[in-house]
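Top line first, the protein sequences correspond to chains A and B. Its first residue numbered 1, the first sequence is counted upward by one per residue in this note's numbering. Its first residue numbered 470, the second sequence is counted upward by one per residue in this note's numbering.
One or more hints might be untrue.
Looking from chain A toward chain B, a few residues come up when the C-beta cut is under 8 Å (computed) [unchecked claim]: (1) R336; (2) P337; (3) G343; (4) W353; (5) M377; (6) G379; (7) T399; (8) V402; (9) L405; (10) G423; (11) F426.
Covered, in the sense of this in silico footprint (three residues per stretch, anywhere, with C-beta under 8 Å from a C-beta of chain B), are these stretches of chain A [to be verified]: (12) 344 to 352; (13) 411 to 417.
In case anyone wonders, no lab produced these hints; they're calculated from the structure. The beta-carbon is built from N, C-alpha and C at its ideal position, and this holds for glycine as well.
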Amino acid sequence: MAERGIIGYGTYVPYWRLDRSRITAAMGAGGGRGHRAVASYDEDTTTLGVEAARNCLRGGSGDASVDRVIFSTSNPAYLDKTNATAIHAALNLPSSVTALDLNGAPRSIEAALGLALNAPGDNLMVLSDIRTGRPTSGDEASGGDGAAAFLIGDGSSSPIIAHELGSATEVAEFLDRYRQPGDDFSRVWEERFGEQAYLPLAQRAVERALAAAELTIDDIDGVSVTGMHARAARGVSRLAGDKLVNDLTAQIGNAGGAQTGLVVASILDDAEPNQNYLIIRLADGATATVMHTTDAIADYEPFRTVGSQIEGGNDALDYNQYLTWRGFLDREPPRRPDPERPGAPPAFRSEDWKYALIGSRDRSSGAIHMPPMRVSMEGGAVDDMEPVRMADIPATIATFTVDRLAFSLSPPMVAVVIDYDGGGRFQAEMTDVDPDEVRIGDRVEMTFRRLYTAEGIHNYFWKARPAAA
Amino acid sequence: MSSHGIRDKVAIVGMGCTQFGEHWDRSVDDMLTDAAHDAYASAGVTQDDIDAFWLGTMGSGVSGLTLSKPLQLDYKPVTRLENMCATGSEAFRNAAYAVASGAYDMVMAIGVEKLKDSGYSGLTGARPPSDGTDSTITAPATFSLLAPAYAHKYGLDEDTMKEVLTRIAWKNHRNGSLNPRAQFRKEVAKETIAGSPLIAGPLGIFDCSGVSDGSAAAVLVRAEDAHKYCDNPLYIKALSFASGPATGALDSTYDYTTFREVVASATEAYKQAGITDPRSQIAMAEVHDCFTPTELVLMEDLGFAERGLGWKEAMAGTFDLDGDLPVNPDGGLKSFGHPIGASGLRMLFECWLQLRGQAPPERQIPSVTEQGKTLGLTHNLGGQPGAAVSFVSVVGSELG
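So that you can see chain B by itself, here it is in the shape it has in the complex:
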């Protein structure tokens, strides 16, 4: 029994992504229609060419009808799935496997979420009936557990920790300011970030990802067919997924400075893609910066920084747009926004632009254009520290 991966077997030949934000004037149906048709156009295909669909949404609809009705699909298979905040990536992963298996020639992975219609702050969602003993703290609170634990373990005082988190938010807002599709398109001063109203622990409102509406989609074909549709496709190098035993809150050896699920999924993805030194081999990474301490910990879990040194690298600009390894060049969840089901595909959309040299010049990363690196990584996380699901993909602009 072994995981084999599907390296270079499946390619992305078209993508679409709506602007993310507070779309009071657009419905789930509108956003799905926009993202799907943008992706068809990008691939130069029509809806009739798509053989099957994978729709990711956490709570904006149930069943394949959520997609087949607005798109008026002609009795095609639609799989609707959910895997918390990694939902969009999960749609992509399963769609890719369907192509790799030979079951279909061309498929679409599409994600959507409409969060702003709820009227609530932050994320909400129905839970099954319970005994009432489950934790009811909010998402920012669960991720804020990382901050004091990290600071305590590595000897950072509260002010230094806050500076590190602030710089991560500042960097992602800066990147987002260069992205017309982002929810927040303004640079934000560090003082504003650091002084924003507290939400949970040391996290202010600017340490949290944008609650957002949006949709993104990809058209996938077998790698050998890719050039029928696209001169410069992206090839899937690795797809990994880890669903943890959720023992962080049970196991005293877990210290809240890592996501074991991320380490496991990254290790698996690097093995599939043949990556031995992610820091030097990868051109860019889109990671799940749902809250600023998450991005800090991810830099270490993904092998971009040594344990305990991620904060120094973040402060030194290693992960800036012009740094050694740009992270979230599109602004990330922080400023691009986080419509749950769409986010994993939005991350791939940035790889689609950057690795093919199609990002706007002001945010095109030099690691691709000047250093000639060809690999991008997306990382998508669901759950909370100690009880998470984690997805990692590696995509590349060249075969082999």
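Extracted from the complex, chain A is given alone in its bound form:
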């Protein structure tokens, strides 16, 4: 498989962390040590995926093209409707680039990877997950939220930085983890059973993968073991000895279908050329892959490393806020009307604006209009505009307010008027911010979020957030 491999990658770890000791403090049970990453109230697996994909496309040379978007999550924002199309729209990709969901089980990432590796072109594989658990459960404490994206191609557009040397899968039918559609939480069988089911599968997969790569365990520089079954993963990790790489669960929790992607990305963040990594995944079977890094990885600059995002997290999140964000605490709403659902035809007409944050720039005056307009505010020229994408342009706060009356899933709502570097102004909602810390002159960047959900429609749009340090 050396002819195709990873040519770019990016990750997204949401800003908020839940200190697991807060669970214990609130409930007298559950929790534990360390932190789990928490998707904010305005994030879902689609928006996490958009952020990871944006970071992927801004990594390396930053001029990657995409031929296919492949999205995988165990916690899709929509059923029936494809979620990858929203990611596709947010990335401003042409309609000739296809967008596909491979959703459901965490194991679906193997289908995404298989397609990304085998379909021609530069394929953007986006893995995203938000993991929940019943209050005080192990799933609640050990789960995590995050996303990872990989651009996989034949190296003709950008050099391959890592590729497979060999891979093997073992599958079996057994009850480890399961969930009925519509349920808020997974159920798991007694974990000692699962451990016994997984261990021999993993052993055989590792043996076969090493054989396919024509390597022995001694040739391996690092081993990662990922999977939702913590006890089985610990058992399999014993194969790795001192070569085991951090599975990030202490720092950000286990992001289910995105965990392998985040761990592989963290490996690539630090990897050197010509290293071999054994990547073992446990999900309704076991898959082992030997990943080899190329010389090109020395020159590859990720847009934001996993480590920097772990470093940039905020663990001030209260447990009750966490429960509210996930919809497990039904709080008294403000005495305001419920938000209105977006209309499908207006959203369709303004797809470039709503999903890709594309304004219009007057060709004669240069004035940027957000949202796009046909008539220029400077000079009044009609229909002489060109599209201008504002999603990746940093901006500065001109004025702001904290709205304690507006409907918000996490009041108060912070609103800012921002001026973009190089021109353009927009009044945006702000997120991932302490309302008391907003100041005129602060720097912000744009982030794709779910404003709210009304009548079954997720209202996606862009917000501002504090610029990453």
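Since the structure of chain A is provided, determine the placement of chain B on it from the hints.
Structure of chain B alone, referenced to chain A:
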């Protein structure tokens, strides 16, 4: 192409205004009936004398039927219109033009709003289906954007800015305490205002206008006919309206310390009325103090204070009842309350009382009674900073 105005062509010969407040016991129909019949009585006319009606309401009814049914009008024309929070003024403006055109001899402008039946806090209103990207922040939040921008531009620290806003609310509550029709008729201590629960930005509940039910009405005739009905009519000197391009949130040159629409509408109104120095020529102003920073900015936009000095004038009492230029002597939106469609006509109602020397003695302004000034200004605003509609009228108690 030019705007010509209708200076001294149309007169107000009667007005009515209900008490504003939480009228749990009165319907839209009740309030329209009260305001209309008070205005008929004030003008000494009957309903049959009115040739046409202009009804302003933002959301308390649609179509002319909202008025013709409760008043049992005899197949007369009723125009129902809406222009956000300037709705009442817009009814007045269009009614005045109908008289000036010669189309009718006598018309009524009437505004009404029933806000308290919604069960929600603040203003609400149906919007057309959208792509979901429009700002959803509330009215107090949009106007609170003015406060940090103004403080930043003119070097006020947060505490000073809060003091300025507090004094504006304190002044309007004080005026309202002298007004039996006002929603809030108590003086409120500055500490209470400053310490009230925050609603948006630095604005507390006492920085916000009263959510209110109410109605107000005016009877208009040609100026030459005015003395048939009234010994001391009010003459319309100027009517202006500016609907902005709504570029504040697009245009980086807009700094959120002004309403360009207000500047434009004030400039036009002063031209129509022949006013060159509003601060000295006007006896009083009723302005759209929907939130305290709005009144601060309006003092500069309307030319009552130099740019950057409005806050000092407000602190010095320039706009108090006994100040150089009393602003909102009836308590303003702040304490009189803000039933949207009625507010523009309520502002004119205070001019009607004050300029004709009929305000209660405790709030009759000395600029009229002692200094003999004859002009009053009303200013009505809709929308938000950067995307607004603005109305300015000048009315006077003398021709010429």
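* **Unmet hints by their number, sorted upward, for this structure** => 6
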